Each structure stands twice: as structure tokens, then as C-alpha cells.
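Novice: Those sequence lines, one after another, are chains A, B and C.
In terms of this note's numbering, the first sequence has 150 at position 150, counting the first letter as 1, and numbering is strictly consecutive.
In terms of this note's numbering, the second sequence has 1033 at position 33, counting the first letter as 1, and numbering is strictly consecutive.
In terms of this note's numbering, the third sequence has 2038 at position 38, counting the first letter as 1, and numbering is strictly consecutive.
Do not rely on the hints blindly, as some may be mistaken.
Partial chain A-side listing against chain B, Cβ under 7 Å, derived [unchecked claim]:
1. Leu34
2. Cys147
3. Arg157
4. Trp161
Residues from chain A that keep clear of chain C, each with C-beta distances beyond 10 Å, as calculated [to be verified]:
5. Gly14
6. Ala18
7. Val33
8. Ala38
9. Thr45
10. His83
11. Pro149
12. Ala152
13. Arg159
14. His172
15. Ala210
16. Asp230
Honestly, the hints are just simulated from the structure, not real lab data.
What you are looking at is a predicted structure, and each value in this text was computed from that prediction instead of being measured.
Positions of the beta carbon are idealized from the N, C-alpha and C atoms, including for glycine.
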Amino acid sequence: MTELGSYLYGVARGLDPATVAELSGVAGSPVRVLTHGALSALVSTVNLAEFGEPGLRRNLADLGWLETTARAHHAVLAAAARHAAVVPLRLATIYRSDGGVRAVLAERGATFDAALHRVQGHTEWGLKAYLEPAGHPAPTADQADACPPGTAYLRRRARLWGGEELREAAAHGVAAIHRAVSAAAVASRRYPLQDGRLSGQSREMVLNAAYLLPGADRALLEEALNKALDQAGSWPLQVEWTGPWVPYSFVEVEPDP
Amino acid sequence: MTGPRPVGQRWETDAAGIRRDLGRLVLTIVELLRQLMERQALRRVDSGTLSEAQIEELGLALMRLEQAMTELREHFGLEPGDLKLDLGPLGPLIQ
Amino acid sequence: MSSSRGPAVTQRLALVDLLDRLLAGGVVLVGEITISVADVELVQISLRALIASVDAGHGAPR
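Chain A with its partners taken away, still in its complex shape:
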């Protein structure tokens, strides 16, 4: 017998169900809306063989499955957020039935309301910074051969020490940038640095942060960043913005009692 469950994407306020009616969610499942007062829970029915605890553990360790599911999860929330205030849930929250979801809406209604109030009308922006290696490229094989041993030794050591100074300068830059952009934002959060092997990034990451801003225009944040960069002269950093995001990083609530 196929056991089914209800996968919860997030909770919205002021949601028009038509905005998610055509969406395909996790496992290609249609997206439904369960309401409780002004709150709307975005759910999909899922097969517990795939989304039950043993299945989830297995699948969460499968990068292909994880990617497909993560993108679907996000797509549903992003679509809903275009026209309503949305509090996104972390990946993989499943109830045994819609009844379980409704119960949560009833029990934690006040919590959701508070979170919705905080993030309503706000967008999240991500800022990533990477080390930009300056000067000191590694010598080619020819260069290395042509170089007398003592001088070659000094070159190697210069690169090593140069690296240390570079990182020190980058650390100063990162602190200044984060301070400046945080001041322009309503809230900020730092994430652990991303692993280059997962991101496919060859540069060394030095900052992975998220900022919450009222409205949908990150100009205010960019202004703060550029001002900090101008004042510095030069830090060995390359920066990238991501977003706008549904405010995943700013909806932390108290754990269930």
C-alpha cells in the first residue's frame, strides 16, 4: 500500500491560490494550499517511500535528488512570494496528512504571524567575496629551471609570505564590507564558506553573507558596499551579489516546545 504524506514548503499570508495552481513541486507533485484564517500553507502530497525517514536519509545523500528537490522547493516559494508574504521552511518537513499541517498552522499561528510580519515586503540579498590573488604567479617550468637555486628558494618563500599578507588584507576587507553592508540592511547573517568542490569555484571564498532589506531593490546595499570599497584603496577581493531571495536566512523561530 502506498503511504502518502504532506510536504510543507512554507507559510504565506494573503496568498491567492491561483498563483501556485500550475506549479510542479517536489517529485513533480502539484502544489496545494491549506488555509487557516489568513495563513496559507503550501503543500504537496508525496510518497513516503521517497520522503519517509529512511527514504529521506537515502535521498538527501544523493546530490542529484537533492538538487532536483531543492530547486523545486525554492521554485514554489519564489512563485508564491511574488504576490504574497512568505515564510519559507527548511527543506524536508513532512506530515502524515494535511491534518497534521493544519494542526501546525493552528498551534504555531502566532509564530508564523510574527515571522511574516518581520519579513513582509522585504527581500534577502546574498553577498559572496573571493580572494583575488595579486602578482606573484607561480613560475613556469622553464623559468624555474633557468633560475639559480638560492634565488628560486627566495621566489618560493616570497609567494608563501605574499599569500599570508594577502589573506590578512582580505580579512580586513571582509570585516569592513560586512560592517558597511550590515549597517545599510535591516538584518544580516553569515553562512559558512562554501566548499569549492561543491561550488565548482576555483577561487578561495572569504565571505558568504545574507542581508535583509525592505523592498526589492538592492541599490542601498550596493551603495554601502561601493563606498566601503572606494575608501579602502584596494583589497584583494572580488565580490558577487545573489538574489533577490525569499528571506530564508531571517526566519529563525523558536524550536517546537
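Following the hints, put chains B and C in place on chain A, whose structure we already have.
Specialist: Showing chains B and C alone in chain A's frame:
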């Protein structure tokens, strides 16, 4: 011998242990000086006031110094990580 | 969506940026079947294994 001890925090009471602890202490200081000298030399090289021959001589001398340090360290059975001076808020003094 | 100016709905989100948020952000509710908070650690550990396998030459995800 008892189990692992925190680095630099206890003195062994047997001769071999004392020798190793003293060795570590001395070599830590020597390694610090070596690194400082090396950075100083590199600044000198960058300043452009040395001839190619002088640079080569300086490099060879520093290279031999590094080799000597490695031999000394191995003689005392120490790993590079054993020679460290961590001054807490001031951070590590040896890279 | 890196270095975007203005709306960039058609640009593909980097998986790593998504995972940062979906695995460490968002509201955490203990659903009836959900992997609990502690078990999200399990996912982190699994990601490390994934990274190792990616590293071993299967190529980074798009």
C-alpha cells in the same frame, strides 16, 4: 609514560623527555627568528638594492638555514606543528 | 544570479547558494516525519561524502 599531554604544558621527568622539551623550546625560538630573518631578507630583495649575485647568496644561505632547522627538528623527533607559539588574541606567531 | 542587475528570473541559481539557505535557513519545524534539526547534521555529513565523490572526478554539479 602517561598518555598524550598538551603541547608545552608539562615537563617530562625523564632525561629523554626533558631533552625533547628543551629542544622544542629552543627550536621554537630559533624557528621564529629564522622566519623573521627570511621576511626581512625578502624585503631587502624587494627594495632592489641587491645585485643578482647577492640575492643568490642570500637565498642559498636562507635555504641552508631552513635545511639545518629541518635536520635539528627531526633530530629531536619533532613535527613542524610542535614548534608553535600561539599568543591567543595576538594569534599564532609562527606560520 | 551572480552579479545581476535588476530582476534576473531566467538566470540559474547556483546550487550551493540554494543549499546554504535550504539546509541552514528557513523555518525549522519538527514535522511528523521530518528529519529533525540534529539530523540536518546528517545531511552535512552526507554532503561531505558527496563533495569527496565530486572531487574524485565526477564533475561539479551545474
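Novice: Each hint: holds or not?
Specialist: How the hints compare with the structure:
{"no.": "1", "hint": "Leu34", "result": "53 Å, violated"}
{"no.": "2", "hint": "Cys147", "result": "9 Å, violated"}
{"no.": "3", "hint": "Arg157", "result": "6 Å, holds"}
{"no.": "4", "hint": "Trp161", "result": "6 Å, holds"}
{"no.": "5", "hint": "Gly14", "result": "18 Å, holds"}
{"no.": "6", "hint": "Ala18", "result": "19 Å, holds"}
{"no.": "7", "hint": "Val33", "result": "17 Å, holds"}
{"no.": "8", "hint": "Ala38", "result": "17 Å, holds"}
{"no.": "9", "hint": "Thr45", "result": "13 Å, holds"}
{"no.": "10", "hint": "His83", "result": "14 Å, holds"}
{"no.": "11", "hint": "Pro149", "result": "34 Å, holds"}
{"no.": "12", "hint": "Ala152", "result": "31 Å, holds"}
{"no.": "13", "hint": "Arg159", "result": "25 Å, holds"}
{"no.": "14", "hint": "His172", "result": "23 Å, holds"}
{"no.": "15", "hint": "Ala210", "result": "8 Å, violated"}
{"no.": "16", "hint": "Asp230", "result": "18 Å, holds"}
Hints 1, 2 and 15, counting from the list given before, are not met by this structure.
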